[in-house]
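2 protein chains.
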Amino acid sequence: MDPSCSCELCELRELFVQNLDEENMEIICSGKVEKEYRTGEIIVKEGTRIQDFSYLKSGLVKLYRSDPSGREQIITIAKPMDYVSLLSVFSDKKYNYSVSALEDSVTCNLKMEDIRSLIHKDGKLALNLLGKMSRVADTIILESLEIRKKHLRGRVAYLLIYFSETVFYTKEFDLPLTRKEMAEYVGMTTENVIRTLSEFRKDGILKIYGKTIQIANMDSLRSISEFG
Amino acid sequence: MDPSCSCELCELRELFVQNLDEENMEIICSGKVEKEYRTGEIIVKEGTRIQDFSYLKSGLVKLYRSDPSGREQIITIAKPMDYVSLLSVFSDKKYNYSVSALEDSVTCNLKMEDIRSLIHKDGKLALNLLGKMSRVADTIILESLEIRKKHLRGRVAYLLIYFSETVFYTKEFDLPLTRKEMAEYVGMTTENVIRTLSEFRKDGILKIYGKTIQIANMDSLRSISEFG
DNA sequence: ACCCGGATATGATAATTATCATGACATGAC
DNA sequence: GTCATGTCATGATAATTATCATATCCGGGT
Numbered sequence: 747m748d749p750s751c752s753c754e755l756c757e758l759r760e761l762f763v764q765n766l767d768e769e770n771m772e773i774i775c776s777g778k779v780e781k782e783y784r785t786g787e788i789i790v791k792e793g794t795r796i797q798d799f800s801y802l803k804s805g806l807v808k809l810y811r812s813d814p815s816g817r818e819q820i821i822t823i824a825k826p827m828d829y830v831s832l833l834s835v836f837s838d839k840k841y842n843y844s845v846s847a848l849e850d851s852v853t854c855n856l857k858m859e860d861i862r863s864l865i866h867k868d869g870k871l872a873l874n875l876l877g878k879m880s881r882v883a884d885t886i887i888l889e890s891l892e893i894r895k896k897h898l899r900g901r902v903a904y905l906l907i908y909f910s911e912t913v914f915y916t917k918e919f920d921l922p923l924t925r926k927e928m929a930e931y932v933g934m935t936t937e938n939v940i941r942t943l944s945e946f947r948k949d950g951i952l953k954i955y956g957k958t959i960q961i962a963n964m965d966s967l968r969s970i971s972e973f974g
Numbered sequence: 747m748d749p750s751c752s753c754e755l756c757e758l759r760e761l762f763v764q765n766l767d768e769e770n771m772e773i774i775c776s777g778k779v780e781k782e783y784r785t786g787e788i789i790v791k792e793g794t795r796i797q798d799f800s801y802l803k804s805g806l807v808k809l810y811r812s813d814p815s816g817r818e819q820i821i822t823i824a825k826p827m828d829y830v831s832l833l834s835v836f837s838d839k840k841y842n843y844s845v846s847a848l849e850d851s852v853t854c855n856l857k858m859e860d861i862r863s864l865i866h867k868d869g870k871l872a873l874n875l876l877g878k879m880s881r882v883a884d885t886i887i888l889e890s891l892e893i894r895k896k897h898l899r900g901r902v903a904y905l906l907i908y909f910s911e912t913v914f915y916t917k918e919f920d921l922p923l924t925r926k927e928m929a930e931y932v933g934m935t936t937e938n939v940i941r942t943l944s945e946f947r948k949d950g951i952l953k954i955y956g957k958t959i960q961i962a963n964m965d966s967l968r969s970i971s972e973f974g
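From first to last, the protein sequence lines are chains A and B.
To convert, take the position in the first sequence, counting from 1, and add 746; that gives the working numbering.
To convert, take the position in the second sequence, counting from 1, and add 746; that gives the working numbering.
In case anyone wonders, no lab produced these hints; they're calculated from the structure.
Fair warning: there could be bad hints in the mix.
Because identical chains cannot be distinguished in the list, a pair is counted as satisfied if it fits within a single copy or across any two copies.
Unchecked claim - Capping the alpha-carbon separation at 20 Å, the derived lysine to aspartate or glutamate pairs in DMTMM-like fashion look like this:
#1 LYS839 x ASP884
#2 LYS839 x GLU772
#3 LYS870 x GLU859
#4 LYS895 x GLU792
#5 LYS878 x ASP868
#6 LYS803 x ASP828
#7 LYS781 x ASP828
#8 LYS870 x ASP860
#9 LYS896 x GLU927
#10 LYS917 x GLU772
#11 LYS825 x GLU787
#12 LYS948 x GLU787
#13 LYS791 x ASP884
#14 LYS948 x GLU782
#15 LYS895 x ASP813
#16 LYS953 x GLU918
#17 LYS791 x GLU892
#18 LYS840 x GLU892
Between the sequences and the hints, there should be enough to build the whole structure, so can you do that?
Next up, the structure:
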C-alpha cells in the first residue's frame, strides 16, 4: 500500500493532500486501479453503469455522443489530470456519453463508493470537487458557445490554437484527431475541415506534414479565430 | 426566524430536510434574502463578483453571455427551483454570464459563506449538491449538442416543445422570449426564427396570437424537431 | 390623440455550408 | 508484393442560412 498514491502529478492527490489524513488516503489508494488502453480503444460506452470515479493519468481521450444514425459529436477532449468520468458521475447511474482513447492512455480508477464516503466525511474535499466540477462544466459550456458563433475558418483556427496552447504547449504537434473527428468536435463536415486546413496551408498560416501540424503564423490564426 | 424557510417548494430546503438539523437550518435561513425583479431587469451582470448562492423562487430568467460586439447568446433558461447562480458558483470569484428576468421574478439568495461552511460540515449535503450540479451541467451541454445538430426548423421546434413540456406544461402558452431572444438561444437569426414560425403557422402546426402560441400539431412538431 | 422605437413580418439576394462525385494516398491484411 | 479500406483532398453543385431592404404592427410616452 502506497499512501503517496504513486501518480506524482495526480490532481486528485493534490486535493487529498490538502484534506486527507493518512487513514483516508489509504482508503482511496487501496481501491485504486490503473487501466491501460490502446489508441482507438473504447474506455466507456454510453449507457453503461457508472462504477468508477476516474481520471486520465496519461494519453488523450475524447468524450462523445453518438446518434442512432451513427454520427458522432465530440463533447470535449480530456488530457492528463482531467477527469474522465466527471460529467454525470454524481448524478445518474449511467454514462450519457462514450469515451475512447485518441492515444495510448492510462486511466486511474477510484471506487465511487470510496469517494462518496470520503466526501461524506470530509467537507473540504467536497468543496474542492464542487469547485473543480464548476470549472469543468463552465469551460465546456463556454467553449461550445464560442465555437458555435464562429464560421468554419474560425472554428478550425480555434481548435488548432486549443491543441497548441492547452494540450501540447508547442506550435508544432501531431494532430490527435482525424479530419473527421475535428469536424465532429467543432460541428462541421469533414470535407470543410480539410478544405479549411488546405486554405490555411496555402495562406502560409500552417505547414502540414501528414499528421504533423506546424503553426507558422500564430497571429493570423488567432485573428481568424477571433474575428474571421 | 422561520426555520421552515417560508418557501414551500424550495428545492434547497428539500436538500436540507434530508440532511440538516434545526441548528444548521437556522444558519441558512437567517441569512436568506428574497429579491424581486421586474421583467427585463438585470439580476446578475457578467464579471460581477459572486456573493450569493441563489435560486429562482418564481418567474423565469435567462442566463446569457454578451459579445464585445453586443450580440448575445442565451446559455439556458432557469425556471422556479432552478439555481440562478449554479454555474461557476463554487469555482471562480466572478460570474461569467449575465442573468435577466424574462418575467417578473423572485430570487432567493443565501449567503455563499453559509453554504460553504455547511458543506464543510455536512458531507451528505455536498453529495446532493454535486449530484444536482452534474445534472444541470449535463443537461445544458447535451441540449446544446442537440440543438447544434439540427436545422433551423428543428431548432425552433425543439424550443417550442421545450417550453410546452418543460416550462409551462401546456400546449398553449405565452412565449417568454422575443423572436430575437429565441434566435439567441438556438443560434440563428431573428428573421429566420420569424420565418420558421410563419411556416409552422401556414402548415397548421402552430396557431399564433401575438405572444400566445398554441401548438396545434404536436406530432408534426416533434417529428420536425427530431428528423427535420 | 399622435409620434416613435422596437418587434414582427416578408421578399430578394448574397454568403456560407453541405452534399455529391471523384481521385490520390496511405496503411494494414493477406 | 497486391488488394482493400479508410483517410485525405479537391471541384462542382445544391441546400441552407445570413444579410439587406422594406413595410407593418403594437405599446409607451407625451
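Now the hints, each set against the structure:
no. : hint            : verdict
1   : LYS839 x ASP884 : between (22 Å within a copy, 13 Å between copies)
2   : LYS839 x GLU772 : neither (26 Å within a copy, 33 Å between copies)
3   : LYS870 x GLU859 : both (18 Å within a copy, 13 Å between copies)
4   : LYS895 x GLU792 : between (28 Å within a copy, 19 Å between copies)
5   : LYS878 x ASP868 : both (16 Å within a copy, 19 Å between copies)
6   : LYS803 x ASP828 : within (8 Å within a copy, 35 Å between copies)
7   : LYS781 x ASP828 : within (15 Å within a copy, 38 Å between copies)
8   : LYS870 x ASP860 : both (16 Å within a copy, 14 Å between copies)
9   : LYS896 x GLU927 : both (18 Å within a copy, 19 Å between copies)
10  : LYS917 x GLU772 : neither (41 Å within a copy, 56 Å between copies)
11  : LYS825 x GLU787 : within (16 Å within a copy, 41 Å between copies)
12  : LYS948 x GLU787 : neither (35 Å within a copy, 49 Å between copies)
13  : LYS791 x ASP884 : between (24 Å within a copy, 16 Å between copies)
14  : LYS948 x GLU782 : neither (40 Å within a copy, 57 Å between copies)
15  : LYS895 x ASP813 : between (23 Å within a copy, 10 Å between copies)
16  : LYS953 x GLU918 : within (9 Å within a copy, 56 Å between copies)
17  : LYS791 x GLU892 : between (28 Å within a copy, 19 Å between copies)
18  : LYS840 x GLU892 : between (28 Å within a copy, 19 Å between copies)
Hint compliance for this structure: hints 2, 10, 12, 14 are not met, and every other hint is.
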